[in-house]
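From just these sequences and the hints, can you work out the full model?
Number of protein chains: 2
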Amino acid sequence: MSSTRPIRERNPATTAVVGVLGGGQLGRMLALAGHPLGVELVCVDPSADAPAAAVARHVTRDYADPEALAALASCAVVTYEFESVPVSAAEALAEKTRVSPPPEALRVAQDRLLEKQCFRALGIPTPDFAAVGSRAELEAGCEALGFPAVLKTRRLGYDGKGQRVLRSRKELDDAWTALGGVPCILERFVPFERELSLLVVRGQDGSTVHYPLVENEHEGGILRVTRAPAPGLTPSLQARAAEYGSRLCARLAYVGVLALELFEAGGELLANEMAPRVHNSGHFTIEGARTSQFENHLRAILGLPLGSPEVPEPCAMLNCVGALPDPHAVLSVPGAHLHLYGKAPRAGRKVGHITVTGEQALAERLERLRALPGVG
Amino acid sequence: MSSTRPIRERNPATTAVVGVLGGGQLGRMLALAGHPLGVELVCVDPSADAPAAAVARHVTRDYADPEALAALASCAVVTYEFESVPVSAAEALAEKTRVSPPPEALRVAQDRLLEKQCFRALGIPTPDFAAVGSRAELEAGCEALGFPAVLKTRRLGYDGKGQRVLRSRKELDDAWTALGGVPCILERFVPFERELSLLVVRGQDGSTVHYPLVENEHEGGILRVTRAPAPGLTPSLQARAAEYGSRLCARLAYVGVLALELFEAGGELLANEMAPRVHNSGHFTIEGARTSQFENHLRAILGLPLGSPEVPEPCAMLNCVGALPDPHAVLSVPGAHLHLYGKAPRAGRKVGHITVTGEQALAERLERLRALPGVG
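If you read the protein sequences in the order shown, they are chains F and L. Each step along the first sequence adds one to the number in this note's numbering, with nothing skipped, and position 246 is 1428. Each step along the second sequence adds one to the number in this note's numbering, with nothing skipped, and position 34 is 1216.
Treat the hints as calculated values from the structure; they're not laboratory data. Keep in mind the model is a prediction, meaning the values are calculated, not measured. Don't be surprised by glycine CBs; every beta carbon is placed ideally from N, CA and C. One or more of the hints may lead you astray.
To be verified - SDA-like mimics (lysine to any residue), calculated; alpha carbons at most 20 Å apart, straight line: (1) L:K1343 x L:G1315; (2) F:K1532 x L:G1315; (3) F:K1532 x L:A1318; (4) L:K1352 x L:R1370; (5) L:K1532 x F:T1197; (6) F:K1532 x F:V1372; (7) L:K1532 x F:Q1345; (8) F:K1343 x F:V1372; (9) L:K1532 x F:V1372.
Stated by the list, open to error - Chain F residues, not near chain L, derived (Cβ > 12 Å throughout): (10) R1239; (11) E1325; (12) L1484; (13) T1539.
Pasting the structure below:
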């Protein structure tokens, strides 16, 4: 019995081989979107049980490993599916093959200060912020911005990690120590009404499409539910967000899917952060949009025409966190589609998601799903 | 660099391992639908470059090979993705594990005479027919049915192969010889207006859903274009077809997707043949229906609730035959989605398909796609 499954680079039916830094669930869903296009993925991920490995070639090496980089350098194009890959690795690859999105986008997205400065330079509103390189600068920043404020490490923060809310001077010492005294950014706390996100896709020829703004609901710093389009979305709000997304893409010579997280506060849109990759808040697009973010990312980086981002009817996405949902219970809800990532459950770990559609019935279906253990 | 991609049967995130007799494009699309459900496929296919191998475990053995059968027997359920697998292999497997659809459906579908007799016994209209086991019976059959008539081998016919149209007595000798003197069925030639097909899905609990009837257009015996729903489809026509599909499923204790091909002639629906598996005329369901036939087949055979077969708006599917289409040209048509099967092109070989949606614009988009080499 043979269990080898060779990647057939020489198969004339293969459109392209795409290299990916990372092999998590985003890589897995990129790979699932790639096969119908004749696109095979090679994912570099040091984890032996990377979720993408079931559907893509898996190079079980560190992101900066020379052999891994050699494997990627032979691909038509290299992309990333999480943003903590070393910029140096992406830059080295860019000398050998096409790398999309460009390493510059990775560099900016990895640093909350560079990111906010980039937003500001483009006229994209953000919460007020100050650079904090020392305990003294933290003091000065709080003086300037007032309380409450949020202290965030410039690098390596995700899912609410690496940040502290400061409500008074008394909390500065603890927060500074807890975050390890590393370079930080201090931001004015924005009492926002909701968090929205925008997915932009930009092709090699500069053509750009925008998915409708979606509304994200977090709990414990982890995304739980996305509603698409964002309830009550107006054309003017969408146009404003799309303009911000387009400016960012143009500034970064961006190619691929870019996610921009925004706060809606008092009629204003404030940019919080960006992700230079497909994004959890775009998972709904698999069933909910004309073209999924995964297919559009591949189309973009391969120089193919982009697909329509239209969302024909309201839908929602619920993350499965910490526990595997019961497939029978999930699929007994009309309009529900289950996406498991092949990951063993652990507290706080995203192991899958559910998309649910249904126009009038959406709210009721959403509540049925949220009542299930580990869902939403 | 590791290129092994182990199937993780023991991964707690795996819902089930499904065995499949066959590893062609249908197996490939089943596998792509399976991963999000946590379902891994093991496909048995003697061909080294089976299309499913890129996304499923591939056992490169003959369908009746003991080791292959042992591998399948350890699966939660076994299914087929083409119907020429030996019934004996399916029956042997059914003694060890669940086999869906039941081997009896395979037995009936493999024999055009049993199939037509089954339709007739259930009150499902068919073209008039006669069994032909000898040259003399051919003579008698033509006497009874008149000309034109169609002589078909009882077994192993597909894509227009294994059949001859008879227009007069003079053609009997040639046709009988050309088909090899094997057991045949003779059918009255029906000047049908169009060919329709119905996809039915029946769950383990007997619950049944029907996709809307679709219209199929053939050329050279090969399906070229499917329009879904069939233009001008009326509720009464749909209800009649659904009733036939339900009767068949109930009679065969069917579980899974069943395709029923029908002729529409003078307001009548005549059953032509059935396929106990996902079907080419159902490929449009990946983008065109609420739930794809591939996902619904897996849901059915795993005892999960069935998904909605609703088709929210008109769409069409075009086969790519004999040549790989240019992805750029295909995807520049709005609403078009490309599905390649990882097969090298050969004359008459189905190497992919395209789904296109678009309500008002559908006809124009369809024509743009049909103008491409190898499409439709």
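Now the hints, each set against the structure:
Of the pairs offered as hints, the one joining L:K1343 and L:G1315 holds, with about 19 Å between alpha carbons and a cut-off of 20 Å not exceeded. The hinted pair formed by F:K1532 and L:G1315 fails the criterion: a straight-line CA distance of about 62 Å is larger than 20 Å. At most 20 Å may separate the alpha-carbon atoms for a hinted pair to count; F:K1532 and L:A1318 exceed this at roughly 69 Å. Under the criterion of a C-alpha separation no larger than 20 Å, the hint pairing L:K1352 with L:R1370 is consistent with the structure, at around 17 Å.
Our distance criterion of 20 Å between C-alpha atoms is met by L:K1532 and F:T1197, whose separation comes to about 17 Å. Only pairs whose Cα atoms come within 20 Å are accepted, and F:K1532 paired with F:V1372 is rejected, the gap being roughly 27 Å. Only pairs whose Cα atoms come within 20 Å are accepted, and L:K1532 paired with F:Q1345 is rejected, the gap being roughly 55 Å. The suggested pairing of F:K1343 with F:V1372 holds, with an alpha-carbon distance near 18 Å, which does not exceed 20 Å.
In summary, the hint linking L:K1532 to F:V1372 is not supported, as the alpha carbons are separated by about 57 Å, beyond the 20 Å threshold. Once the 12 Å rule is applied to beta carbons, F:R1239 is inconsistent with being away from chain L; the minimum gap is 6 Å. With a minimum CB-CB distance of about 50 Å to chain L, F:E1325 clears the 12 Å threshold, and the non-interface call stands. At roughly 8 Å, the least C-beta separation between F:L1484 and chain L is not larger than 12 Å, which violates its mark as non-interface.
Look at F:T1539: its CB is around 7 Å from the nearest CB on chain L, not clear of 12 Å, so calling it non-interface is violated.
Checked against the numbered hints above, the structure violates hints 2, 3, 6, 7, 9, 10, 12 and 13; every other hint is satisfied.
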